[in-house]
Structure formats: C-alpha cells, structure tokens
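Student: If you want the building blocks of each chain, they are given just below.
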Amino acid sequence: MLKIENLQASYGKIQALRDISFELNEGEIMSIIGANGAGKSTLMKCIIGLQRPDGGSVIYRGRPMGKSTYKTVQNGIVLVPEGRWIFPALTVEENLKLGAYIVKSPDEGLKRSFRMFPKLEERKKQRAGTLSGGEQQMLAIARGLMANPKLIMLDEPSLGLAPLIINDIMNIIKEINQQGVTVLMVEQNAKKALGIAHQACVMEQGRIVKRGSAAQLAQDESVIAAYLGGNKGGTTDHG
Amino acid sequence: MFIQQLITGLSIGSVYALMAVGYSLIYSLLNFTNFAHSVCVMVGAYVSYFFLLLVADNILAAALCSLVVAGVLSAIIEKVAYQPLLDKNVNRIYLLIAGLGIQIVGENLVIVLLDGRFHAYPTTFSSIPIKLFGISIGLIDLIILGVSSLALVLVELLIRKTKTGLAIRGAASDLNTTALMGVPVRRLITIVFLLAGLLAGLAGSFTGLKYTAYPSIGSLTTKAFISAVFGGLGSIPGAVIGAFFLGVSETMIAAYVSSSLRDMFSFVLLVVVLVIRPTGLMGKATEEKA
Chain A
1 MLKIENLQAS YGKIQALRDI SFELNEGEIM SIIGANGAGK STLMKCIIGL
51 QRPDGGSVIY RGRPMGKSTY KTVQNGIVLV PEGRWIFPAL TVEENLKLGA
101 YIVKSPDEGL KRSFRMFPKL EERKKQRAGT LSGGEQQMLA IARGLMANPK
151 LIMLDEPSLG LAPLIINDIM NIIKEINQQG VTVLMVEQNA KKALGIAHQA
201 CVMEQGRIVK RGSAAQLAQD ESVIAAYLGG NKGGTTDHG
Chain B
1 MFIQQLITGL SIGSVYALMA VGYSLIYSLL NFTNFAHSVC VMVGAYVSYF
51 FLLLVADNIL AAALCSLVVA GVLSAIIEKV AYQPLLDKNV NRIYLLIAGL
101 GIQIVGENLV IVLLDGRFHA YPTTFSSIPI KLFGISIGLI DLIILGVSSL
151 ALVLVELLIR KTKTGLAIRG AASDLNTTAL MGVPVRRLIT IVFLLAGLLA
201 GLAGSFTGLK YTAYPSIGSL TTKAFISAVF GGLGSIPGAV IGAFFLGVSE
251 TMIAAYVSSS LRDMFSFVLL VVVLVIRPTG LMGKATEEKA
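Protein sequences, first through last, are from chains A and B.
Residues 1 to 239, numbered by this note's numbering, are exactly what the first sequence covers, in order.
Residues 1 to 290, numbered by this note's numbering, are exactly what the second sequence covers, in order.
There may be inaccurate statements among the hints.
Said to hold, decoys possible - Not everything, but these chain B residues come out facing chain A in the computed CB check (under 8 Å): (1) L114; (2) D115; (3) R117; (4) H119; (5) S173; (6) A179; (7) V272.
Claimed, not checked - Calculated lysine-lysine pairs in the DSS-like style (CA-CA distance at most 27 Å, straight line): (8) B:K88 with A:K13; (9) B:K131 with A:K71; (10) A:K71 with B:K79; (11) A:K210 with A:K71; (12) A:K3 with A:K150; (13) A:K125 with A:K111; (14) A:K71 with B:K210; (15) A:K111 with A:K71; (16) B:K131 with B:K79; (17) B:K161 with A:K111; (18) A:K150 with A:K191; (19) B:K161 with A:K125; (20) A:K111 with B:K163; (21) B:K88 with A:K124; (22) A:K104 with B:K161; (23) A:K67 with B:K161; (24) A:K13 with A:K150; (25) A:K174 with A:K150; (26) B:K163 with A:K119; (27) A:K104 with A:K119; (28) B:K163 with A:K150; (29) A:K119 with A:K174; (30) A:K150 with A:K104.
Stated by the list, open to error - Covered stretches of chain A (chain B as the covering partner; in silico rule of three or more C-beta atoms under 8 Å from a C-beta of chain B): (31) 56-70; (32) 92-102.
No lab work stands behind these hints: they were computed from the structure.
C-beta atoms are modelled at their ideal positions from N, C-alpha and C, and glycine is treated no differently.
I would like the entire structure built from these sequences, with the hints used as guidance.
Tutor: Okay, structure coming up:
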C-alpha cells in the first residue's frame, strides 16, 4: 500500500533520514520504534508532505506521492501529530468538524467519534485546550479518523500519558485497524508498540536497523536489551 | 449635539473596523502586519470616485465596485509579493518590508499617473442631512454605519458558521495542523487576503465619500492598525470593539476638547496599550495561540 524507497531528509546540515526503505501492507499495523531523535517524526512529516525529502520516494498505491499535504490527505492518508496539535481555542466539536474538512458532511464521523470516545461527546462544547492530556490524544485520533483515512499515521500516541490511558489508546488503535484502516505508528514505548503491531521496524540515527514481524522483534536479543528494558516477559500479552 | 457626534463617531469607527478586521485576519494567520492594506483602501477610494464621475451617481454601486476591485488587488498582492516569500519560509520582517514597499509604490504611482490633488466625490448625496427626533444627522453617516455594520456581521457569520471560516479559525491557531486536516492552506491564505481587500475597498469608498480621494488616503489605516492593536491583534471581535472605541473617542475629543488633540489621543492610546497590555483587550498571548 505504501512503499518508501531510499528516503533521505535533513534539517539544515543534520541528516535526519538516511536511506529509509520499507513497505507497509494494507490492513496491517506497523510500528516504528526508536529513541528520541532517531528520525521517526521526520519520516512521518515527509510522508504527509509537511517536510520535503532530499531524495528517495514515497509511493502510495503504485503512484508517487504529491507534494502538498492537503492532497495527501485527500488521497486517504492522515497524520495524528506528536504532541497532538489540537486547536486549543476551538471546541471539541469544531476540532472534529475541521478534521472532516475533506468530507461532505461531518455527521457520520461525529457519531462514530462519539461512539468510540464517549468522553468527547460529554465535552463537545468545551474548548479543546481545557481537555486533559489523554482526552486531547483521543480527540487528535478521533479528528484524524474524521477524514475517513485508508492509512492513519500516529506519531507517539502514548507520549506523556498515564499507563492506564496508554492501554485505552492502544485498544482503540487495534479497533481502528480492525475496521480496515491501515496503521503506521511511531512509538518510544516499544513494549506497547510491538504488542499490537503486525510488522515493526527499529530506527536508530535516521536508519532502519531492524525490520520484521512484531513478534520476531519482540524476541530479538538486541531489541530487548535496547528498548524493552532487558525484561523478556510481557512483550506480546498487552492490548 | 451629543447624539449627532455619537453617530458620527460610530460611523467613523465602523470604517476603522472594516480596515482593522483586515489587519487582524491576516495577522492571525501569518503573524505579520500587512502594510499593503492601505493601498487597497486608496484604490477603493479612487474606484468609487471614478465610478461616480464616469458611470453613475450611485454611491452604493460605487462602493460595490470598490469592494470588488480592492479585493482582487489584495489577492494579487498576496500571490505576487507575499507568497514567494512565504514559500522561502523567510523571517516575517521581509513580508513587512515588502508590504511597506507596495504602500510607497502604490501611493506614488497614483501621483504620477493621476495627480496629488484632493478629489471630492461628484455626488449630491454627501451633504443631505435628515431630521430624526429633532436632531439633524448626516444621511451619509447613517449609510456608512449601516453598510459597514452589515459587512462586519457578514464576515463574522462567514467565520463562525461556514467550513471556510472554521478553517480560517484553525489556521489562526496553526497553519501546519490545518494543512493536516486536508485544508489547502495556500488557497486559504489567498481567500483571507481577498476578504481583507473587500473590506478595505469598502472602507476606501466610504472614506473617500467623507474626506475626498487623495493619494495618501490610505494612511488612515494607521488608525485602523491602532484599533486592531488596542483590541488585540489577531482577534476579530477585538478589532471591531477597538475600532468603534477609537472612532467615538476621537470624535468626542475633536468636538468637546480640541480637534488638534484628536490624532494625539490615538497615538498616545497605542503607546499606553503597548506598555500596559501589549496583547490588547482580547488578544491572545503567543503561547495560547500555539
């Protein structure tokens, strides 16, 4: 569905992505794990068109991706950015409606959002800036789904959230996937990320250093040592 | 006497508001003050003058014509002057300088192509007073107040009730996030310049009707800028409130104190606001906007 080939990108003189290649299959969840500054967010920005890559290509359903973000969204890819980036001054409902900008009517999406996230319905008239961190993350995900994407990219969905809420979010991601949406997720929380993914990559310093099924990577000695705290148990029994 | 002054003040305030909303709209999206705005006001004033001179003695039709021409001009300025700079992602100061350049070139172009004189609108309309409850009120002030208020209400409705308006409000918070929603942000910016230009054209037509058309008429936008700062740059209700406050205060000071103090009041107000409350009445601190 999505094929990344030799993608390169940089911030000024700092090379953020070096020869990234991978393929994402339709209907799967792929997790990209890695430490802070490994280039994960840059990768997502390049795919969605917020940052221009220096080289390589992003091919979506056999066609090279356009340059403008809004066209990428119209083609069915959305990004739920790191740190949520909700519109704090708009109400919860307005945030969701803006998420449905490319859709004819937001009504169906609103209904689905409120079914998935009853908390958001309670707070729909509230300014989004007043929500808690977990609620803001739910709003960001719900807003991303409003555009009826074929592929949803989630950048650090667990960032700054309490463990219980992280479990909720992971369950929601699985649910979204079961409804047929392909998921590309970037996470520092490797345990959770591998727990729900089909495929996974490990990124270090702008390179993909390991690739395979999530189950394989969860058993990999070096991955366990570097990202799973050396604790072998409990890698696949979550979510 | 007081009521008359109040109506005059409100009518001036409503014209300031038309211009101030344009400043605020553009500032809220791009965080810079569009100094080329005054060119749109000036062009609006001249378009109405020529319309009345050459086409028909109908001030509303003339104002409509000004509105369209200035709107299109504003959008062209954005496409030609600002968009290439935005593409390069330059510091906002370059946009500011480009705007100043357009302002200077615009004014002088009129002097070169036409002349530097004052052109009173060739209409009988402006001098007709009407009697209302025994008070004599300039019909022109009532029309200006009425039409301007209507335009402001329409803009508010556009921003509050339509999808484009929602996108504009989102973009005021963050352009990149708005792009992630599938909004063609570039086109949205052009639409906002068009909107600001439409209001500037209307303001220009009304200012010309009141004070005649002349090359530096656009410098009245300074007052609108003060209004927008006073109300809080980037806030549209703030700009409107600031503009009406300034219009009424100026008129009252001119009537009851001294007309030579009128402009000083505006500039002192600007300084006081910047010292005491730089975000203005309803402005948002940048942290809140982000």
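Student: All hints are to be evaluated individually against the structure, with a verdict given for each.
Tutor: Consistency of the hints with the structure:
no. : hint               : verdict
1   : L114               : violated, 42 Å
2   : D115               : violated, 46 Å
3   : R117               : violated, 47 Å
4   : H119               : violated, 44 Å
5   : S173               : holds, 5 Å
6   : A179               : holds, 4 Å
7   : V272               : violated, 27 Å
8   : B:K88 with A:K13   : holds, 17 Å
9   : B:K131 with A:K71  : violated, 59 Å
10  : A:K71 with B:K79   : holds, 20 Å
11  : A:K210 with A:K71  : violated, 31 Å
12  : A:K3 with A:K150   : holds, 15 Å
13  : A:K125 with A:K111 : holds, 15 Å
14  : A:K71 with B:K210  : violated, 47 Å
15  : A:K111 with A:K71  : holds, 25 Å
16  : B:K131 with B:K79  : violated, 47 Å
17  : B:K161 with A:K111 : holds, 20 Å
18  : A:K150 with A:K191 : holds, 25 Å
19  : B:K161 with A:K125 : holds, 15 Å
20  : A:K111 with B:K163 : holds, 19 Å
21  : B:K88 with A:K124  : violated, 38 Å
22  : A:K104 with B:K161 : holds, 16 Å
23  : A:K67 with B:K161  : violated, 30 Å
24  : A:K13 with A:K150  : violated, 34 Å
25  : A:K174 with A:K150 : holds, 14 Å
26  : B:K163 with A:K119 : holds, 25 Å
27  : A:K104 with A:K119 : holds, 25 Å
28  : B:K163 with A:K150 : holds, 23 Å
29  : A:K119 with A:K174 : holds, 19 Å
30  : A:K150 with A:K104 : holds, 17 Å
31  : 56-70              : holds (count 3)
32  : 92-102             : holds (count 6)
Figure legend: structure checked against the earlier numbered hints; hints not met, in rising order: 1, 2, 3, 4, 7, 9, 11, 14, 16, 21, 23, 24.
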